[in-house]
Amino acid sequence: MGCSAVLHLASPAGTPVFSTDPLEVVGMALGGTTSILNSALKAGAQLRSVVLMSSAVTISNAAANPYSEKDWNTEAEATFDKLGKQADSLTAYTAGKTAAERAFWKFKEQQKPAFAMTAIQGSWFIGPPLVPWKTKDDIMLSVTGIWSVMIGEDPSIPMEIWEDTIDVRDVARVIVWSALNPEKANGERFLCSSATGCRQAIADILTKHMPEHLIQRGVPGRGYEPGYIAGKNVPQFHAVKAVRATGKDWIPYERSVLDSARFLQRYIDS
Numbered sequence: 542m543g544c545s546a547v548l549h550l551a552s553p554a555g556t557p558v559f560s561t562d563p564l565e566v567v568g569m570a571l572g573g574t575t576s577i578l579n580s581a582l583k584a585g586a587q588l589r590s591v592v593l594m595s596s597a598v599t600i601s602n603a604a605a606n607p608y609s610e611k612d613w614n615t616e617a618e619a620t621f622d623k624l625g626k627q628a629d630s631l632t633a634y635t636a637g638k639t640a641a642e643r644a645f646w647k648f649k650e651q652q653k654p655a656f657a658m659t660a661i662q663g664s665w666f667i668g669p670p671l672v673p674w675k676t677k678d679d680i681m682l683s684v685t686g687i688w689s690v691m692i693g694e695d696p697s698i699p700m701e702i703w704e705d706t707i708d709v710r711d712v713a714r715v716i717v718w719s720a721l722n723p724e725k726a727n728g729e730r731f732l733c734s735s736a737t738g739c740r741q742a743i744a745d746i747l748t749k750h751m752p753e754h755l756i757q758r759g760v761p762g763r764g765y766e767p768g769y770i771a772g773k774n775v776p777q778f779h780a781v782k783a784v785r786a787t788g789k790d791w792i793p794y795e796r797s798v799l800d801s802a803r804f805l806q807r808y809i810d811s
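Letter 145 of the sequence shown, counting from 1, is numbered 686 in the numbering used here, and no numbers are missing.
Hints in this document: simulated from the structure, not taken from any laboratory. Mixed in with the good hints there might be a few duds.
[To be verified] Straight line, CA to CA, 25 angstroms or less: simulated BS3-like cross-link-like pairs of lysine-lysine:
{"no.": "1", "residue 1": "Lys611", "residue 2": "Lys649"}
{"no.": "2", "residue 1": "Lys725", "residue 2": "Lys611"}
{"no.": "3", "residue 1": "Lys649", "residue 2": "Lys623"}
{"no.": "4", "residue 1": "Lys583", "residue 2": "Lys611"}
{"no.": "5", "residue 1": "Lys773", "residue 2": "Lys583"}
{"no.": "6", "residue 1": "Lys611", "residue 2": "Lys773"}
{"no.": "7", "residue 1": "Lys773", "residue 2": "Lys647"}
{"no.": "8", "residue 1": "Lys626", "residue 2": "Lys583"}
{"no.": "9", "residue 1": "Lys583", "residue 2": "Lys623"}
{"no.": "10", "residue 1": "Lys653", "residue 2": "Lys611"}
{"no.": "11", "residue 1": "Lys789", "residue 2": "Lys725"}
{"no.": "12", "residue 1": "Lys611", "residue 2": "Lys782"}
{"no.": "13", "residue 1": "Lys647", "residue 2": "Lys782"}
{"no.": "14", "residue 1": "Lys782", "residue 2": "Lys725"}
{"no.": "15", "residue 1": "Lys649", "residue 2": "Lys725"}
{"no.": "16", "residue 1": "Lys611", "residue 2": "Lys789"}
{"no.": "17", "residue 1": "Lys725", "residue 2": "Lys653"}
{"no.": "18", "residue 1": "Lys782", "residue 2": "Lys649"}
{"no.": "19", "residue 1": "Lys583", "residue 2": "Lys675"}
The structure presented is a predicted model; accordingly, all values stated were derived computationally and were not measured.
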């Protein structure tokens, strides 16, 4: 039968990425994408779809807000080219993701492959992982906001990078849908971002639904909007295209936070 779909998924972002030489970060992102595409050309006629797990950083910049699939980050690569090895880890990550997705679409334009090509842009992942981490030291950066509130840290501390979130299960669903519907997904970008929440929002949710944890209450209701919509001072993502295409709405923010917390509970006493 051979291979019918290739899913080029995101590698975990955390200490390994943020402590790597910035030139290597960009090189790995770009080289990994182009090498997979070159291999896909040799996979045979049964290959129907290649799906790239990109990032919302390829969409967001200072030129537009709210953002949609029509937007591109026009600053990251130029900033990285200027700074080179002096670039900080986030600049390198953003430039690498942007360069990789641009190369993805350039490949489609030049090679005109028979298989469909789709790119998914996710914001800040939350939600329970498919495979448990071995220890609490392995907990991924994207859920450390929830973890820190669970263990009693100050909910007024800003989130690590973004407050815009998406449940990882929703991202997985859109990826699988794209692979199984190549005719509909071919040539499309699908932005995945569903809610905006800070540590105070997390604290309010956990205080209400998991009172057994010693959560610092902070100032309930401060720093986030009702319904967890994006406020004026955070990036706003207009992510309705994937909902319309798949016919299924995003997982509610409170459920994502609670499911994450219930998964993380096993590490409290470890």
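How the hints compare with the structure:
Distance restraint check for Lys611 and Lys649: the Cα-Cα separation of roughly 17 angstroms lies within the 25 angstroms cut-off, and the hinted pair is therefore satisfied. Restraint check for Lys725 and Lys611: the C-alpha separation of about 17 angstroms stays at or below 25 angstroms, so the hint holds. Of the pairs offered as hints, the one joining Lys649 and Lys623 is violated, with about 28 angstroms between alpha carbons and a cut-off of 25 angstroms exceeded. For a cut-off of 25 angstroms, the pair hint linking Lys583 to Lys611 is broken: about 31 angstroms separates their Cα positions.
Of the pairs offered as hints, the one joining Lys773 and Lys583 is violated, with about 48 angstroms between alpha carbons and a cut-off of 25 angstroms exceeded. Restraint check: the Cα-Cα separation between Lys611 and Lys773 comes to about 21 angstroms, which is no more than 25 angstroms; the hinted pair holds. With a CA separation close to 34 angstroms, the supplied pair Lys773 and Lys647 exceeds the 25 angstroms bound. The suggested pairing of Lys626 with Lys583 is violated, with an alpha-carbon distance near 35 angstroms, which exceeds 25 angstroms.
A threshold of 25 angstroms between alpha carbons decides the hint, and for Lys583 with Lys623 the separation of about 36 angstroms lies outside it, so the pair is violated. A C-alpha spacing of about 21 angstroms is found between Lys653 and Lys611, which places the hinted pair at or below 25 angstroms, so the restraint holds. Proximity of Lys789 to Lys725 is assessed by CA-CA distance (about 15 angstroms); at most 25 angstroms being required, the pair is judged to hold. Using a Cα cut-off of 25 angstroms, the hinted pair Lys611 and Lys782 holds, with the two alpha carbons roughly 11 angstroms apart.
Between Lys647 and Lys782, the direct Cα distance comes to roughly 22 angstroms. Compliance with the 25 angstroms bound is thereby established for this hinted pair. Taken as a hint, the Lys782 and Lys725 pair is honoured in the structure, with Cα atoms around 12 angstroms apart against an allowance of 25 angstroms. Note on Lys649 and Lys725: the hinted pairing holds, with a Cα-Cα distance of about 16 angstroms set against a maximum of 25 angstroms. Between the alpha carbons of Lys611 and Lys789 the distance comes to roughly 21 angstroms, so the proposed pair stays at or under 25 angstroms and holds.
Taking the CA atoms of Lys725 and Lys653, the gap is about 17 angstroms. The hint holds against a cut of 25 angstroms. Between Lys782 and Lys649 the alpha-carbon distance is near 21 angstroms, which keeps this suggested pair within the 25 angstroms criterion. Proximity of Lys583 to Lys675 is assessed by CA-CA distance (about 37 angstroms); at most 25 angstroms being required, the pair is judged violated.
Checked against the numbered hints given earlier, this structure breaks hints 3, 4, 5, 7, 8, 9 and 19; the rest are met.
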